[in-house]
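Q: Next come the chains, spelled out residue by residue.
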Amino acid sequence: MLDRRLIQNFDWVLLLLLLLLAGISILNLYSATYAIREVGGSRIFMKQFYWFLIGFGVCLVMITFNYYYLERLAYPAYFLTVALLMIVLVAGKVMSGSQRWLTLGPLVFQPSELAKISMVLVLAKFFSDRGDVVEYRLRDLWQPFILILIPCALILKEPDLGTALFVGVVSFSMILLVKVNRKSILIFVGVCVLAAPVIWFGMKDYQQRRILTFLQPDTEPLGAGYHINQSKIAIGSGQFWGKGYLKGTQTRLHFLPEQHTDFAFSVFAEEWGLAGVTVLLLLYLFLVLWGLYIAKGSKDRFGAILAAGIVGIVFWQVVINVGMVTGLLPVVGIPLLLFSYGGSSLISTMAAMGLLMNISMRRFMFQ
Amino acid sequence: MKSSNFDPITQDLFEKQLKIAMVFVLVIFGVIFLRLWFLQIVNGSFYRAKSENNRIRLQSMPSFRGVIRDRSGKILVDNRPSYDLCVIPEEIHDAGTLLNRLAALGDFDMTSMRTKIRQAASGYPFKPVCLKKDISREELAMLETRRFDLPGVMITVRPQRTYFYGALAGHLLGYLGEISEKQLKSGAFPDTRSGDLIGKTGIERKWQKSLKGGRGGEQVEVDAAGRRIKVISRSPPISGADVCLTVDRELQMLAEKALEGKHGAVVAMDPRNGQILALASSPSFDPNLFITGFDEKTWKNMVSSGDHPLNNRALTGQYPPGSIFKIVVALAGLQEGVITPDETLFCNGQYSLGRGKYRCWKRWGHGKVNLNRALVESCDIYFYHLGMRLGVDRIARYARQLGLGQKTGLDLGNEKAGLIPTTEWKKKRWGVPWQGGETVSTAIGQSFVLVTPLQIATFASAVFNGGHVYRPQLTQWVRKPGGENIFEFKPQLIRDVGIKPEYLELVKKALAGAVNNSHGTGTKAKLPDITVAGKTGTAQVVNLKKEKDAKAKGEIPWKYRDHAWFVAVAPADAPRITVSVLIEHGGHGGSASAPIAKKLIEAYLRVPVDS
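Those sequence lines, one after another, are chains A and B. Quick note: the first sequence uses this note's numbering, first residue 5, plus one each step. Quick note: the second sequence uses this note's numbering, first residue -1, plus one each step.
No lab work stands behind these hints: they were computed from the structure. None of the values given here were measured: they were computed from a predicted structure. Beta carbons: idealized from backbone N, C-alpha and C, even for Gly. One should not assume that every hint holds.
[Stated by the list, open to error] Pairs of lysine-lysine, DSSO-like flavour, derived with a Cα cap of 27 angstroms:
#	chain 1	residue 1	chain 2	residue 2
1	B	Lys14	A	Lys300
2	B	Lys524	B	Lys366
3	B	Lys506	B	Lys425
4	B	Lys207	B	Lys425
5	B	Lys295	B	Lys260
6	B	Lys524	B	Lys488
7	B	Lys198	B	Lys125
8	B	Lys198	B	Lys72
9	A	Lys251	B	Lys130
10	B	Lys597	B	Lys507
11	B	Lys183	B	Lys198
12	B	Lys557	A	Lys251
13	B	Lys72	B	Lys228
14	B	Lys14	A	Lys183
15	B	Lys48	B	Lys130
16	B	Lys180	B	Lys355
17	B	Lys17	A	Lys300
18	B	Lys425	B	Lys355
19	A	Lys251	B	Lys125
20	A	Lys187	B	Lys48
21	B	Lys498	B	Lys260
22	B	Lys366	B	Lys228
23	B	Lys524	B	Lys72
24	B	Lys426	B	Lys414
25	B	Lys125	B	Lys114
26	B	Lys597	B	Lys260
27	B	Lys207	B	Lys405
28	A	Lys303	B	Lys14
29	B	Lys295	B	Lys72
30	B	Lys557	A	Lys303
31	B	Lys130	B	Lys355
32	A	Lys187	B	Lys366
33	B	Lys17	A	Lys183
[Said to hold, decoys possible] Each pair of labels, with its calculated beta carbon distance range:
#	chain 1	residue 1	chain 2	residue 2	range
34	A	Leu31	B	Val21	38 to 46 angstroms
35	B	Arg99	A	Leu153	53 to 61 angstroms
36	B	Pro149	A	Leu31	55 to 63 angstroms
37	B	Val21	A	Phe83	51 to 59 angstroms
38	A	Tyr73	B	Val21	30 to 38 angstroms
39	B	Ile227	A	Tyr54	50 to 58 angstroms
40	A	Gly109	B	Glu216	39 to 47 angstroms
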């Protein structure tokens, strides 16, 4: 399967981007856990290093087969995900008030991570099957809506508002990408506006509070607004050149919450300043644009939509996480992909990157 | 595969869509970049300041208050380490167990400790909370040996003012107290904050600025839990200046011992320069209590009992001088030329003026009396005559000249001026003219005359040192920790009294006679090897009639008894010490006060303390 042409077409740009991001991430995690290195911090950093190695392994596995076979696996994968999401609600591990984790022997993973990629897969399959449709109208979209709604509702039930919204946003951006009739969009937006109050009152207290603190972070400086404020202080105090590696006071003195997970970006911004952050954002931007370029170059519809969906995952994670830590968006608990600590998220991201690479390598091939 | 291949139309469409997506991505990344620019560049310095604020705490470090020594360098007041029992809330594993273990180790107030621990739990987890201040040595030892069993317990040390001899010289040293709101606002206490202890009275107040020293401070880096990470910078506190007093510890002890159980005051002074050697007032108080706290009973007694232990009677107690005043009248008579040393007057025990009859203390009279004998035996009749010849205003002039009826200028707070009456004063104060009979009683130090024990000491010193009235002083030097003197003692002459030296000599001789002559009134102060000169005084508290009535009923009640005065100077020919003693309601000066003066003189002159 891996013939010479494949190696010739290997996507070195994508690999380089991933390696750079992995390197910066590990460098940054070392700093984020530096102050707690004696109480398990260095273990966290080493673990992430191993996760990256495994991740690159997964990535390699993902390029060995032709992504074409995934078309057939799209629906089974989707239903398996839905099944797992149901199991997690019954038999999942409860941690800090939500039931998100499934234990499989030594492995603990979040089925909602799986949901991101199988959602993209199933939508890619759905839309590539209808290659002849030029513009979708609302009534053509009831099937994808249901496909999206089921996992989202299950994830929301865990409860994990952040991931549910994330899956929704990625899915909807895929739908918009395949082109929807303008009138349909307006009708849909209208329905959403009307539904907003219903959703608001259906939310849990802490979810409501998060949105409220997002709107007015200063009203609760020691409560929920604390996280946002401390993160803004960390980022802002980095100024142009940053405080220097391992010298971020907000990080080292624990003013910054969740520094190796959701707020890893703030650690980086504090220590490297706008200069470092710009470099990091450019890497992500290149990754996204490169992904879109891959989508554009794909010779078949399934590959193109799948690539675009994977780009959607990358793009929205960056936007939501950075928006959240800079105070542009509410704190919803979305980690920064390839940057925050977390095994499940890293493995599923690397799998997605492998797929992207797969599509990239096969774009010049005709079978 | 075939089904999903692009046809050219949809591929074009899809590419167009991707281009829109790219523009969208660029715009969103642009927004994020602008946001970061806004946070890091536009507001960068604001957030930098906030992050510094987050991590840096200023902690003040108390300075060591200066040490107070006696004239020979013995330490009277110092700072000792005070050990406080504190806990770090975060490090307590189980508050209940900890409290139980503490209860087993010492006599602690468990209810207050429990509340403090509970309150601490809601504060900064790493900020120490004090459970008990100033624990005893035994408690400290117990706690230190059980440290392993007491997670979260911490002992902190701070300097605490300590008065080594308790109540010794309490009035003169003064006490510390928290600065008041008014004092803070007055601006008279720079570098002082609310809650600081300042000298409220005595030497502690007089030298507050020098004793205080300079506050030190630390910039400490703390983490989000308030735990100290490291010291960023530190300016060490500057110790206060040391104060060396003119007071002699042994003499002070002796004076206070002599006053034990009595109400009264003793002042010992060097007549040659005004240095105070001892200044005692009884009842007294222990300045340590103002720091460690009073129990209710002690405090009540301090402020509301008639004993007024906080009053320094040596400066604030105003009493009629009684016969001591005869020295003034004698000197005035001689200087004014209304009498010669040899002129004799006859005392038959009684003196009549108009319808008034005035007695001598010796019922049947002294017979023929000259100036010397009048002073030695303290004949009242002689001084009635002399007083009438002088008139009250001339007496007053000399009294004031000699330092009576005015503040001596010892800067110890609250000093009272006393009172020397004149005709003008009477008119002004009472609106009625001066009566001749009042001159008669003024001449023997009764009527309106009021003096303080300190005034009597400066006055007697002036008589014996050749007529120099010195301002009494308590401080030898004040020295900064580096060795630089802020203050050095210099005698301060207030005035020369302007009385001919031969007249002063006459009076001195007579006063030596009062102690050493067998007929003298002050023989109880006599010493075999030192010539002591002295004068007794008895200040009437109630008039004679009342006293007589009371006497008829048996013993005179304590509060009606006369105040007993004695002032002594020794050695008479080359004076080195003046002692003024007043015992409230002590009865006769010769018997109650003279022995105290004698003891002090003996102790001071037998052992060569002086340089």
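Q: Mind checking the alpha carbons of Lys125 (chain B) and Lys114 (chain B) for me, to see if they're no more than 27 angstroms apart?
A: holds (13 angstroms)
Q: If you draw a straight line from the CA of Lys498 (chain B) to the CA of Lys260 (chain B), is it 27 angstroms or shorter?
A: violated (39 angstroms)
Q: Taking 27 angstroms as the top limit, are the C-alpha atoms of Lys72 (chain B) and Lys228 (chain B) close enough?
A: violated (40 angstroms)
Q: So the hint says 51 to 59 angstroms: do the beta-carbon atoms of Val21 (chain B) and Phe83 (chain A) match that?
A: violated (36 angstroms)
Q: Compare the distance between the alpha carbons of Lys14 (chain B) and Lys183 (chain A) with 27 angstroms, and conclude whether the hinted pair is satisfied.
A: holds (10 angstroms)
Q: Are the Cα atoms of Lys524 (chain B) and Lys366 (chain B) separated by 27 angstroms or less?
A: With Cα atoms ~26 angstroms apart, Lys524 (chain B) and Lys366 (chain B) stay inside 27 angstroms; holds.
Q: Hinted pair, alpha-carbon criterion (27 angstroms max): Lys17 (chain B), Lys300 (chain A). Please report holds or violated.
A: holds (9 angstroms)
Q: Does the alpha-carbon distance linking Lys557 (chain B) and Lys303 (chain A) stay inside the 27 angstroms limit?
A: violated (121 angstroms)
Q: Need the status of pair Lys524 (chain B), Lys72 (chain B): alpha-carbon distance at most 27 angstroms?
A: Roughly 31 angstroms separates the two Cα atoms, so the pair is violated.
Q: Taking the beta carbons of Ile227 (chain B) and Tyr54 (chain A), is their distance inside 50 to 58 angstroms?
A: violated (31 angstroms)
Q: For a C-alpha distance cap of 27 angstroms, please report whether Lys426 (chain B) and Lys414 (chain B) respect it.
A: Since the Cα atoms of Lys426 (chain B) and Lys414 (chain B) sit roughly 20 angstroms apart, the hinted pair holds (cutoff 27 angstroms).
Q: So the hint says 55 to 63 angstroms: do the beta-carbon atoms of Pro149 (chain B) and Leu31 (chain A) match that?
A: This hint is violated: roughly 37 angstroms between Cβ atoms.
The earlier numbered hints that this structure contradicts are 3, 4, 6, 7, 9, 12, 13, 15, 16, 20, 21, 22, 23, 29, 30, 31, 32, 34, 36, 37, 39, 40.
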